[in-house]
Amino acid sequence: MKLLLHICCAPCAVYPVDVIRQEGIELMGFFYRHNIHPLTECLRRQQTLTGYAQDIDLRVIYQQGYDLEGFLQNVVWREKNRCRYCYYDRLRSTALIARRGKFDAFSTTLLYSKFQKHELIRDIAQSVASETGVKFYYRDFRRGWKEGIEKSKQLKLYRQQYCGCIYSEKERYLTKLTGRAEPNAGFRPEQNIG
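Residue numbers for the sequence shown follow the working numbering, so the first one is -8 and each next one is one higher.
Hints are computed from structural coordinates only; laboratory data are not their basis. Wrong hints could be hidden among the right ones.
Once the Cα atoms are required to be at most 25 angstroms apart in a straight line, the calculated DSS-like pairs of lysine-lysine come out as [to be verified]:
1. K142 x K108
2. K93 x K(-7)
3. K167 x K(-7)
4. K161 x K105
5. K147 x K105
6. K105 x K71
7. K161 x K71
8. K137 x K167
9. K71 x K167
10. K93 x K108
11. K(-7) x K71
12. K93 x K137
13. K161 x K108
14. K144 x K126
15. K167 x K147
16. K137 x K126
17. K142 x K105
18. K126 x K167
19. K144 x K71
20. K105 x K137
21. K137 x K108
22. K126 x K71
23. K142 x K161
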């Protein structure tokens, strides 16, 4: 089988790539960029993935351009459901490239993270498979969470602190600043963040 794997970042790819290769599947990666903010974060994640992919002899397709505005236009007024759109766009983009490249199936490293909405990802991927005619390869990679983290630390891979979108960046760092889990809780623009 020839599989195209959507890769959100190098650390999240470690365990899934190992598992897929152990199954004897021919594998290629796909790095989607439009949702990652800021651009410097996107480039750092891509650079880390490029180095890791070279080290393990994994070919990767890197999405061209950086359409952050398009991503934001599609989630504005739907911020509470932004993950649904983001999952759909990344998975659909992966499936369409898989179809053009005559891959047998597509999958995603999003299924590795215990912080992502696993069932929603699987449901959307199955819908995208029906829509595009490309089979969805499902595996619950979360069982390798600790193993993947340890290996990524041993490899000294850059490990980001948020999923990638501007909203998750805000939530991550605002919570750190205020000590509260809810967005905007106690934040005053005049506070010194540095």
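### Query
Does the structure break any of the earlier hints, and which numbers would those be?
3, 10, 11, 12, 14, 16, 18, 19, 22 and 23
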